[in-house]
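Single-letter residue listing:
There are 2 protein chains.
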Amino acid sequence: MTLTGHSLIAGEPVVGEGKTTNGFNPATNEALEPAYSLLTEEQLKTATAAAKDAFPSFSSLDPETHAAFLEAIADNIEAIGDELITRAGQETGLPAARLQGERARTTGQLRLFAAVVRQGDFRGVRIDPAIPDRTPLPRADIRQRQIPLGPVAVFGASNFPLAFSTAGGDTASALAAGCPVVFKAHNAHPGTSELVGHAVTKAVKDLGLHPGVFSLVYGPGASIGQALVADSAIKAVGFTGSQAAGIALMKTAAARPEPIPVYAEMSSLNPVFVFEGALKGDVDALAAAYVTAVTGSSGQLCTSPGLLFAPEGEAGDKLAAAVGRAVATCAGQTMLTAGIAASWNTGTEALRSAEGVSLIGKGTPGATENAPAPAIFGTGVEHFTSNHVLHEEIFGAASLVIRYRSTEDLLQAAARIEGQLTASLHLTGEDYPTAAPLIPVLEQKVGRIIVNGWPTGVEVGHAMVHGGPFPATSDSRTTSVGTLAINRFLRPVAYQNLPQELLPEPLQDTNPWHLNRRINGNVVPAEEKAEASA
Amino acid sequence: MTLTGHSLIAGEPVVGEGKTTNGFNPATNEALEPAYSLLTEEQLKTATAAAKDAFPSFSSLDPETHAAFLEAIADNIEAIGDELITRAGQETGLPAARLQGERARTTGQLRLFAAVVRQGDFRGVRIDPAIPDRTPLPRADIRQRQIPLGPVAVFGASNFPLAFSTAGGDTASALAAGCPVVFKAHNAHPGTSELVGHAVTKAVKDLGLHPGVFSLVYGPGASIGQALVADSAIKAVGFTGSQAAGIALMKTAAARPEPIPVYAEMSSLNPVFVFEGALKGDVDALAAAYVTAVTGSSGQLCTSPGLLFAPEGEAGDKLAAAVGRAVATCAGQTMLTAGIAASWNTGTEALRSAEGVSLIGKGTPGATENAPAPAIFGTGVEHFTSNHVLHEEIFGAASLVIRYRSTEDLLQAAARIEGQLTASLHLTGEDYPTAAPLIPVLEQKVGRIIVNGWPTGVEVGHAMVHGGPFPATSDSRTTSVGTLAINRFLRPVAYQNLPQELLPEPLQDTNPWHLNRRINGNVVPAEEKAEASA
Chain A
102 MTLTGHSLIA GEPVVGEGKT TNGFNPATNE ALEPAYSLLT EEQLKTATAA
152 AKDAFPSFSS LDPETHAAFL EAIADNIEAI GDELITRAGQ ETGLPAARLQ
202 GERARTTGQL RLFAAVVRQG DFRGVRIDPA IPDRTPLPRA DIRQRQIPLG
252 PVAVFGASNF PLAFSTAGGD TASALAAGCP VVFKAHNAHP GTSELVGHAV
302 TKAVKDLGLH PGVFSLVYGP GASIGQALVA DSAIKAVGFT GSQAAGIALM
352 KTAAARPEPI PVYAEMSSLN PVFVFEGALK GDVDALAAAY VTAVTGSSGQ
402 LCTSPGLLFA PEGEAGDKLA AAVGRAVATC AGQTMLTAGI AASWNTGTEA
452 LRSAEGVSLI GKGTPGATEN APAPAIFGTG VEHFTSNHVL HEEIFGAASL
502 VIRYRSTEDL LQAAARIEGQ LTASLHLTGE DYPTAAPLIP VLEQKVGRII
552 VNGWPTGVEV GHAMVHGGPF PATSDSRTTS VGTLAINRFL RPVAYQNLPQ
602 ELLPEPLQDT NPWHLNRRIN GNVVPAEEKA EASA
Chain B
102 MTLTGHSLIA GEPVVGEGKT TNGFNPATNE ALEPAYSLLT EEQLKTATAA
152 AKDAFPSFSS LDPETHAAFL EAIADNIEAI GDELITRAGQ ETGLPAARLQ
202 GERARTTGQL RLFAAVVRQG DFRGVRIDPA IPDRTPLPRA DIRQRQIPLG
252 PVAVFGASNF PLAFSTAGGD TASALAAGCP VVFKAHNAHP GTSELVGHAV
302 TKAVKDLGLH PGVFSLVYGP GASIGQALVA DSAIKAVGFT GSQAAGIALM
352 KTAAARPEPI PVYAEMSSLN PVFVFEGALK GDVDALAAAY VTAVTGSSGQ
402 LCTSPGLLFA PEGEAGDKLA AAVGRAVATC AGQTMLTAGI AASWNTGTEA
452 LRSAEGVSLI GKGTPGATEN APAPAIFGTG VEHFTSNHVL HEEIFGAASL
502 VIRYRSTEDL LQAAARIEGQ LTASLHLTGE DYPTAAPLIP VLEQKVGRII
552 VNGWPTGVEV GHAMVHGGPF PATSDSRTTS VGTLAINRFL RPVAYQNLPQ
602 ELLPEPLQDT NPWHLNRRIN GNVVPAEEKA EASA
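Chains as they are written, first to last, in this note's numbering: chain A, 102 to 635; chain B, 102 to 635.
No lab work stands behind these hints: they were computed from the structure. There may be inaccurate statements among the hints.
Unchecked claim - Here are the simulated DSSO-like cross-link-like pairs (lysine-lysine), alpha carbons at most 30 Å apart as the crow flies: (1) A:Lys381 x A:Lys153; (2) B:Lys546 x B:Lys381; (3) A:Lys352 x B:Lys153; (4) A:Lys146 x B:Lys546; (5) B:Lys352 x A:Lys153; (6) B:Lys546 x A:Lys546; (7) A:Lys381 x A:Lys463.
Unchecked claim - Okay, the calculated bits of chain B under chain A, using three or more residues with CB under 8 Å as the criterion: (8) 215-224; (9) 359-368; (10) 422-429; (11) 460-473; (12) 525-539; (13) 579-593; (14) 611-622.
Stated by the list, open to error - Derived contacts from chain A toward chain B, CB cut-off under 10 Å, selection only: (15) Ala197; (16) Ile518; (17) Gly520; (18) Leu543; (19) Asn553; (20) Arg589.
Note that this is a predicted model, so its numbers are computed, not measured. Virtual Cβ for every residue (Gly too), placed ideally from N, Cα, C.
My request is simple: use the sequences and hints to build the entire structure.
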């Protein structure tokens with residue numbers, strides 16, 4: 102496909118009247134063609150107005166068309182073929198195998214949400230039938246369902262050009278909820294965004310939906326993002342990126358005449374706690390797995406482990422030594438952008454020069470530009486609890502091994518950390534009594550607890566939580582991965598004493614959408630129903 | 102019971118080191134004894150620290166003890182007997198019958214939440230079992246549950262001294278979620294708050310819970326409220342009151358180092374739409390029912406109808422005349438406070454002097470202090486759409502009848518109104534085609550749609566939504582009445598590959614809490630389970 106270099110508003114290419122921007126190949130620092138024209142804030146309003154216009158029809162779509170739409174997007178993304186992987190690789194430096202995996206995840210989650218739309222439990226149907234003879238007062242028939250919030254602004258993430266971008270998790274869950282999406286492309290991968298943008302637009306057209314259901318907009322980073330969040334047509338925001346940018350969007354959303362929810366997934370150190378029992382096994386394998394989790398995708402995952410707590414003493418020393426050996430064999434991989442590589446350098450320099458921090462091991466720089474040598478540092482728990490620099494996320498292939506003396510040390514360190522996406526525990530049966538008290542502390546700090554595994558590789562399923570207390574996310578009550586993500590874009594409405602003729606279909610007695618319904622508080626299965634798994 | 106006049110922090114009376122305040126009998130403007138000592142912000146920290154200390158044990162309580170606790174509160178409130186009704190009547194001017202109904206609602210919702218706790222669906226258990234042989238990568242066992250957010254600050258409402266106060270809906274749902282509560286009493290009914298506070302404290306003691314599970318605090322209105330919301334131990338806020346106060350709390354919560362959710366239920370005009378068909382029936386009865394809804398509890402309900410849209414023409418004229426006759430028979434009832442009565446006067450004066458507004462009818466002043474004559478005004482739809490003064494809530498027994506010419510008028514007016522708790526439609530079968538297009542518009546504006554009924558008398562059930570878009574509430578995704586209210590105080594956590602020994606009980610294979618569980622996305626009922634209705 103010939104890339105146009107323009108926004109795609111309600112199905113039509115729109116030439117931005119602002120400046121232009123190019124993608125860059127971070128492996129070479131060379132600009133990629135075409136240049137992308139950037140919208141003005143005035144032009145942006147066309148997209149949000151179209152989304153508002155599309156809302157009434159899209160929000161009341163029948164489940165089958167709605168699900169077919171999500172599946173068509175997935176099909177269309179696959180139909181792009183290798184061009185998508187090639188372009189994404191050029192724009193991000195990510196290897197083809199990783200991007201192929203990410204594409205499968207992206208289409209997989211679109212199909213999963215199609216299944217969710219067919220199954221329909223997210224519609225939250227509750228019926229409290231009338232009790233006309235109740236005393237002292239009769240009870241009216243009251244029915245409840247969840248309806249979509251309205252048009253959603255989604256921001257592309259630099260580190261997942263497919264799965265957290267144009268048709269990624271935020272877009273998929275918002276569309277599944279029935280919300281039109283205005284998608285702000287990340288300027289680091291404009292071509293990848295355009296390719297997927299056409300895939301979505303084609304699905305909108307083929308299914309005969311209102312064209313305003315989806316727009317892809319390019320604009321000057323922060324300013325157009327703020328304008329988008331401030332736009333009165335927008336009713337919720339999905340964002341994955343830095344803490345500074347996320348907090349700026351939260352402030353804009355809270356200051357609107359009508360405040361709206363912002364779902365920002367921002368930063369996480371993803372601490373790993375290694376217990377004594379786990380060090381009686383294959384310490385080299387444990388060290389290698391840790392280093393793989395730290396260095397995979399050049400460490401640019403939301404869930405890359407930035408901290409590993411290992412006990413003091415001989416076994417811990419062995420682990421640290423094995424980590425040093427493992428990281429020494431790693432070559433640097435191209436980072437997403439020159440700016441991200443520069444931030445990584447600043448961050449590791451600050452960590453290296455912090456009191457009590459030493460280098461455990463270091464790899465070699467990669468052969469390309471922006472491919473710094475992965476580095477793992479070490480320190481004692483007393484430095485971690487007293488120096489805030491050691492709590493700063495370094496986005497990229499760096500991590501800090503913290504040596505602890507006692508369970509009390511671990512409990513204190515866990516209580517000290519800010520909100521995180523994940524915490525991982527490596528242990529064996531003998532460690533259960535030691536580890537057990539840590540779990541309720543970690544529940545207050547993280548969205549996901551993992552045993553004998555690594556936080557990277559976020560499964561897209563029904564039970565996943567990719568979220569956590571602030572500042573990991575802006576809203577700990579949600580997840581941005583997995584089927585529960587749809588709940589972010591819904592709100593309940595009750596209908597009291599409505600005649601069948603005026604009730605929305607999902608609430609009618611005949612249950613034409615075959616929904617499971619909560620009647621008097623208890624779930625009553627539909628006689629015929631779809632299954633939730635894709 | 103002899104009232105102490107002091108706060109009740111973690112089970113112990115605490116003498117406030119600030120000034121004192123008295124309740125006032127609004128029927129006589131006389132001060133009520135005792136004086137209540139107000140806490141300083143420093144003293145307040147004792148309560149939030151105790152709530153934080155109580156959280157680990159309270160949040161992991163077994164369902165039976167947890168439910169018994171809620172039931173014990175209900176029993177203890179009933180055990181206070183007539184003293185509660187008498188004191189609440191003195192402090193609020195509300196009639197005994199209304200307060201008896203409110204007490205029944207308060208104890209009823211505590212028992213309903215006890216049933217919810219026993220049934221356990223709010224725990225949101227989701228299990229995606231491991232798939233070890235999945236390719237290309239195996240799937241780990243992942244389980245999810247909802248856990249409580251942490252200590253919750255609840256603010257008492259002036260207009261519901263029982264059902265939205267000390268042990269009201271916010272407190273009941275927060276406690277049911279497993280969140281300790283620090284309750285800030287409304288200074289308009291301190292004695293009522295203390296009576297119920299002792300009832301809660303006794304239940305805490307009798308069940309052997311950590312005393313920090315509940316504290317009742319008195320303080321200087323706005324300042325201590327802000328301090329409470331800003332306190333780092335507090336993780337969510339429940340509030341019912343004015344828009345100005347609610348928005349101030351929202352701002353404080355958003356500006357914290359760790360922002361927290363505020364559930365503020367603020368203001369609502371509760372528009373009523375009358376269609377032609379409804380005017381072919383008993384117009385006098387319709388008018389009388391409207392006037393009852395407007396004047397009941399002196400119009401001081403969140404759901405009192407402030408607007409009624411009636412068609413122009415003869416039938417509408419008849420309705421307006423009947424409304425005028427009905428309101429003329431009404432005597433004013435004592436309002437909650439002298440300040441609220443003064444605001445009502447200011448509000449009705451502004452409405453009366455607005456262009457195009459005339460008086461339809463007026464009652465007589467009550468025999469007591471602060472009992473102004475109910476008043477109903479009239480205007481044309483063109484004035485409503487052009488003058489913002491006509492969109493201001495007047496808290497008290499006043500309402501505005503708006504005459505419309507066409508369905509188009511109604512659609513435009515509905516699109517113009519701000520977020521509301523409710524909208525009501527009065528119609529017959531012949532009006533269905535006219536009314537149908539209004540429903541999707543109203544869904545975007547309100548939390549509850551009612552046909553041939555009135556918004557007052559909010560049923561406490563599973564399907565109720567007492568919420569709505571801003572500024573009706575701070576968060577349209579929630580309800581403050583009904584069992585769904587518990588969701589406000591929960592957040593999901595995922596557990597990946599945890600051994601049974603380390604999994605929280607609700608997630609263990611043996612399902613010791615007999616919970617319905619969502620397995621691979623589909624609900625699987627527990628073999629033995631509790632029912633959700635009390």
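query: Should the hint that arginine 589 (chain A) touches chain B count as held when the rule is a Cβ pair under 10 Å?
result: For arginine 589 (chain A), the interface hint holds, since the closest Cβ of chain B sits about 8 Å away, which is under 10 Å.
query: Are three or more residues of the stretch 460-473 of chain B within 8 Å, CB to CB, of chain A?
result: violated (count 0)
message: Closer than 8 Å Cβ to Cβ for three or more residues is the test here. Does the stretch 215-224 of chain B pass it with chain A?
response: holds (count 4)
task: Could you grab the alpha-carbon distance between lysine 546 (chain B) and lysine 381 (chain B) and see if it respects the 30 Å cut-off?
output: 28 Å, holds
- request: Verify the interface restraint on isoleucine 518 (chain A): the C-beta must sit less than 10 Å from at least one C-beta of chain B.
  value: 13 Å, violated
field: When the least beta-carbon distance from asparagine 553 (chain A) to chain B is tested against 10 Å, hint result
entry: 6 Å, holds
query: Has the given pair, lysine 352 (chain A) with lysine 153 (chain B), been kept, meaning a C-alpha gap of at most 30 Å?
result: 27 Å, holds
Agreement of lysine 146 (chain A) and lysine 546 (chain B) with the hint, judged by alpha carbon distance not exceeding 30 Å: Measuring from Cα to Cα gives roughly 22 Å; hence the hint holds.
task: May I ask you to test the interface hint for glycine 520 (chain A) with respect to chain B, counting a Cβ-Cβ separation under 10 Å as satisfied?
output: 8 Å, holds
message: Can you confirm whether the C-alpha distance between lysine 381 (chain A) and lysine 153 (chain A) stays at or below 30 Å?
response: Outside the cut-off at roughly 60 Å; violated.
field: Outcome, coverage of the stretch 579-593 of chain B by chain A - at least 3 residues whose beta-carbon is closer than 8 Å to one in that chain
entry: holds (count 7)
message: What's the verdict on lysine 381 (chain A) and lysine 463 (chain A), does the C-alpha distance respect the 30 Å limit or exceed it?
response: 25 Å, holds
This entry does not satisfy hints 1, 6, 10, 11, 15 and 16, going by the numbered hints stated previously.
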